[in-house]
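Start from the sequences and build out the full structure, keeping to the hints where you can.
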Amino acid sequence: MAVQNRLSWMIGGPQGSGVDSSARMFALACANGGLNVFGRREYYSNIKGEHSYFQIRVDEKTIRSAIDDVHVLATFEAETLLRHLYAGEVVAGGVAIYDPKDLEVKIESMGTLEDRLAQEILEDLTTRNRPLTVGSIVEDAKKNGIKTLEIDYNKILSEIGKETGETEFAKLQIVKNTVCVGASLGVLGFEHDAIKRTVDDIFEKKSDKVKRMNHLAIERGYQAAKQAFPQGIDWQLRRSSTPPQGTRLFLQGTVAVGLGKIVAGCRFHTYYPITPATDESEFLESHPQGNVVVVQTEDEIAAIAMATGAALTGARSSTSTSGPGFCLMAEVQGWAGINEVPVVIINYQRAGPSTGLPTRHEQGDLLFSLHAGHGDFPRIVMAPGDLEESFFMTVDAFNWAERYQVPVVFLSDKNLANNSGIVPFYDTSRLRIDRGKLITEDEAIEVTKEDFHYPRYLDSEDGISKRTVLGMRGGIHWATGDEHTPQGHITEDPEVRVMMMNKRMGKERTALQEIPKEKKINFYGDPNAPVTLVSWGSTKGAILDAMEVLKAEGLNVNFLQVKLLRPFPTQEVTEILKRSKLKINVEMNFGAQFAHALRAETGIACDHHILKYNGRPMTQDEIVRGVKKLLEDKAPKAVLTHGV
Amino acid sequence: MASNPSTPPQAKPAVAKPVAVVAPPPGAAPTQPKTVNVAHWKEDVHNDWCPGCVLPDTLILTNPGVERIDAIRTGHRVLTASGRYGRVAEVMKHRHRGMMYRLVPKAFSPFVLTPEHPVLAVRRERRKRHNEKLDPAYIEAGQLRPGDYVAFPIPRETIDVPELPLGVPRRAMDRRSRRLPERIPVTAAFLRLAGYYVAEGHVHRREICFTFHAREKLFARDVVKAVGDLFDLRATTRERPEKTTLDVAVASSRLAAFFAATFGTGAAEKRVPLALMQLPPAKQRALLVGLWRGDGWVSLRQRRATYKTISRVLAEQVKILLLRQGIVPTVTEEAARPGHRAAFTLNVVHDDDFDALRRILGLKSLPGSRPSGRSRRVVLGASHVFLPLRRVETFPYDGMVYNLVVDGDPSYVTAGAAVHNCGDFGILNAVQMALAELELPNHKTAVFSGIGCSGKISHFVRAYGVHTLHGRVLPFATGAKLANPELNVLAVGGDGDGLGIGAGHFVGTGRRNLDMAYIIHDNGVYGLTKGQASPTLPGGAQPKSLPSPNINNAVNPLALALATGYTWIGRGYAYDIKGLKDLIKQAIQHRGMAFLDVMQPCPTYNNINTKEWYEGRDRADKMPRTYRLSETGYDGVVKNPADPNEVRDKQVQAYLKSQELERLPLGVYYAINLPTFEDKVASHVPGYAAAPPAKQPIVGAGGKPGINVDPITQEYAVKNF
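Which chain is which? The protein sequence lines are A and B, in order.
Residue numbering for the first sequence follows this note's numbering, starting at 1 and increasing by one per position.
Residue numbering for the second sequence follows this note's numbering, starting at 1 and increasing by one per position.
If you're looking for bench data, these hints aren't it; they were derived computationally from the structure.
All values derive from a computational prediction rather than experimental measurement.
Don't take each hint at face value.
[Said to hold, decoys possible] Derived CB-CB ranges, DEER-like:
| id | chain 1 | residue 1 | chain 2 | residue 2 | range |
| --- | --- | --- | --- | --- | --- |
| 1 | B | Ala717 | A | Asn144 | 38 to 46 Å |
| 2 | A | Pro636 | B | Gly539 | 57 to 65 Å |
| 3 | A | Ser45 | B | Ser548 | 40 to 48 Å |
[Said to hold, decoys possible] The calculated lysine to any residue pairs, modelled on SDA-like cross-linking and capped at a C-alpha distance of 20 Å, are:
| id | chain 1 | residue 1 | chain 2 | residue 2 |
| --- | --- | --- | --- | --- |
| 4 | B | Lys719 | A | Asp427 |
| 5 | B | Lys93 | A | Asp451 |
| 6 | A | Lys226 | A | Gly189 |
| 7 | B | Lys719 | A | Gly111 |
| 8 | A | Lys196 | B | Tyr716 |
| 9 | B | Lys704 | A | Asp427 |
| 10 | A | Lys211 | B | Lys719 |
| 11 | B | Lys704 | A | Ile433 |
| 12 | A | Lys437 | B | Gly706 |
| 13 | B | Lys695 | A | Leu438 |
| 14 | A | Lys196 | B | Ala214 |
| 15 | A | Lys437 | B | Pro705 |
| 16 | A | Lys205 | B | Lys719 |
| 17 | B | Lys444 | A | Asp451 |
Even for Gly, the Cβ is constructed at its ideal location relative to N, Cα and C.
Okay, structure coming up:
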């Protein structure tokens, strides 16, 4: 019996060929049909030509991660077909959609394949005395039970051209993707009407001709699939039988953070273009009704310096970047720390070091983010685990920045930034804006009697001083990266130094006391489970999905997600971990950075580590396998490697 | 920089109103023109970096008297190079390890400074003859040679005080003592009496005693008469032949308390109060008579007058009293030795000086005595006395050194000459003056600075001061200005700061055209790290701090600014404070991004581009190395920004000026009114003009978010077809 509404679909092609928009079309069609989707986007650091792909997982239930298997592989060029079939991602009974002429493509002629991969495939084919073409790989796949759907794209396109009067080849090429989506949905037997309305919705503002071209493309693809598989395949898509309640959103992490910034009152944002952070800045810039001034700076140092300068005036401000830019921001973070400036830095981590894998995922900046900059200064480091936290924790970030008058580092990552999913409509009714000890002009005048020297950095019980901002009458003070007096003048007095250090660092203690437990950590699952997974950031989705699978298989695991990483919630974390029987640390880096921080802050060592550093995010299946393997072989760590 | 991003670019109305630079008369009606209050922009803070300083025991002329520099505090008043008294805005000290220079002038006392400390001085033109023109300027101590003149200002402030308050209340139980006048008329008799007291008097319990030589009966009688006339008291005179003295005693506890409080008691602590130091010189003659009769000695035959005291303060005060009469004494100090305290002798020997003093003292010239014909060793000018240096000595030192910042006139006066501090303060003063004249509200002004000697400037201005990171001043300032366009933002940095580590920001900022001003202190070296070559030091140059000639070539800040889009480009010179002030005002008033390059000698490390170099002292034609563009008819202002030909011509002209190295043009190279970055932001972000980021109401009712984000979120809603 066919599996309904639980599958994974993949489309690939050269960068710039429309892979993203076709994936969006497929995902929206499913989402509009009441299903849950999770989209994973992978691309090379390249503008055009290199292989990129998008995997959409669909399910009736909530899903938060990708799975290893691909049930429908939709292609319109040879490389995607080759790579993903060769990698064995498509399961037996699944379908590969391709253009028959791609079978003739010689592997040697495919310039964008990595040498290592090309060599491996060629050696394999040579050994088996098979033709050195893509067709050989497809033959192998067929032997393994993979079904095929051949589509002569050019024939369909020329028909569409004739029907719509479009003669420009380039414009027709664009709808190739749509044909591919139509064929996929046909293979899966999805309701035709939902697709049509989705296409109408997507092309709402386009010309009738474009709409018609896309409609025709869907139609032709769909029909071709229906002809080939009149009975369908083992996986089927239908409108959800239990339509979800309430409005749902389909978005990616950069949008979640951007929306969070607008509602949090962030009104000044800076950036220097960098993958994968730039999408957020572009979102803010393209939504001027959010009233955010967005400045593209000359470099990341300028980005954080500008954001900090703006914060001095009382504007809530932020900058967004990725690891290389975050490295450049270290010095200004120290300046913001010693001057107690509320500024929010979003670091969408990507695989490092240096340029690393610029478009790939990693959680490799944790230890650096906890300590970036020289000397000791207070700061908050926090990491959301999913698209809801990406939004709501962004609001917390700005509130805490102002309440504790510290720089806040918000550690997102490429997995959250570029992958998309379904979340309930963000309910902002419970949100509050907390500006902390920002005082009014009248209060400032009360303190200074209109004289100068407002004691901006005055010591206090909780380490937090009443803040005035540039332009405020009665609030004149000085800011300096040098150690300073309460008024902000330079001093090297050893006693003042000690007083100021104690005051500033004391703010971390205050934050730990005030921030509620549910904003520091999440704990999922049965407290008495024999295994505890410990993690932070975007591994959350795959872990939660894996827990369900493991539970169904009879293995009960629970999960501690740490959201506040500095100041570290030692008490709350210790309370949970001292009860847990076996602790497995899960994170996307080589060095088990979180486990280091955990041990430093709590003295608790993890028993095992599940680590991954090939640049591709963890899938649900990988974590299932990893946990089982570790329980079996008791090895110190399991290193995951899935992903093309 | 009053900015309104919604209005199209146009020439800004001048912010500055005509201002009166003189203080209004006391009790002036509020309708009087406002006084430019530069002090309102000065900040009291310690400074630990300016290398020019003096020893802790250096005597500084204060108001009144003298004080060791390490005893001077903010708010004290000190004599300045202009001869007026100024308020000490700041006392700086730091540890100095290195050579010290001891300057020994003729006539006045030696003083010790670090080699970089500028002294008000004049270079000697010919060895044997005095200069014909004496135009004092600041020259570093280390550059001075024997024969050069140092300048000591003649305090000219004059306030006539007709009466002095007695200020000592009659005791409640005191019913018997004679009533004293509550206000004492400042008459010649009183001034002579004061002089006698300062020289010869002391207070013993409730008596004032004057001790004259037995021969000085005439003076004793003068005291008795004055006491009778002024206070209706009877003084008793007692001859003490065993001591060859003639004692005059006045019994009045109130008067004794007044004399002790006003003039001090005990020879070493005697002083003349400020009120008497500032009397009109004609009146002060009576005081000199009393003083000289008490402590002085006149030889009509030798034509020499001498005044001796063990009070250091009194010695300097008498010097000043004499200078105010046009008399230049020679001050010598006898060091203390066992049984003797240090003593100070003032000699008046030159013919003109002697005759002037003789006439004041009412003495006739001896018949037959002839002018000595001694040439004057010093030169008395209208406002300064110029003292040739006898010697310049050096010695190694390791210890604290001090410096002052003085309101108004950035200088103070040692017992030997007036001294200045380092060039950054010239720029600082110009900045303060510009801000004062523009009448910007302090709290709406923010001074951003980088790191380096110039970086500390943000601490010295009474405005929001933001001392940022090395090279980063512009992005910090940009963020603040964009977030709150109401702020008047002034960015200041060094040449290394702005053109080395911060060069990327220099370019980026030029491209943006925000409504701000940026000043670079351009001195060719990294001063704070001991003089490495900065980006503006020409290739091949080798200031003393460089081990070998500079192998990098210089960047031209003006040409770079032109290439990157600054819409106002100018150059000033640190020692031309007034011209600089005007340029800073224009830069601030310009609506758009202004760049002002300020050439500044670094007295410490750049011994090539010195003040003398800028003055062209080494040039054959002696022409200054700077000249004002405005004096040549040059006009850098684009009249019609829409005319590409005019824009191009003005840019080419500015570029050519930026390449003039023989003589460096000062003034406005280029100016154009173009839409600002704020204008462009306002055209994209609808709420910007009305409520920029700093002014947005981000908190709604009940602490809820002030914005409804739902309409944007809705774009991502799934449709559920």
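So which of the earlier hints does this model not fit? As far as the earlier hints go, 5, 7, 14 are violated by this structure, in ascending order.
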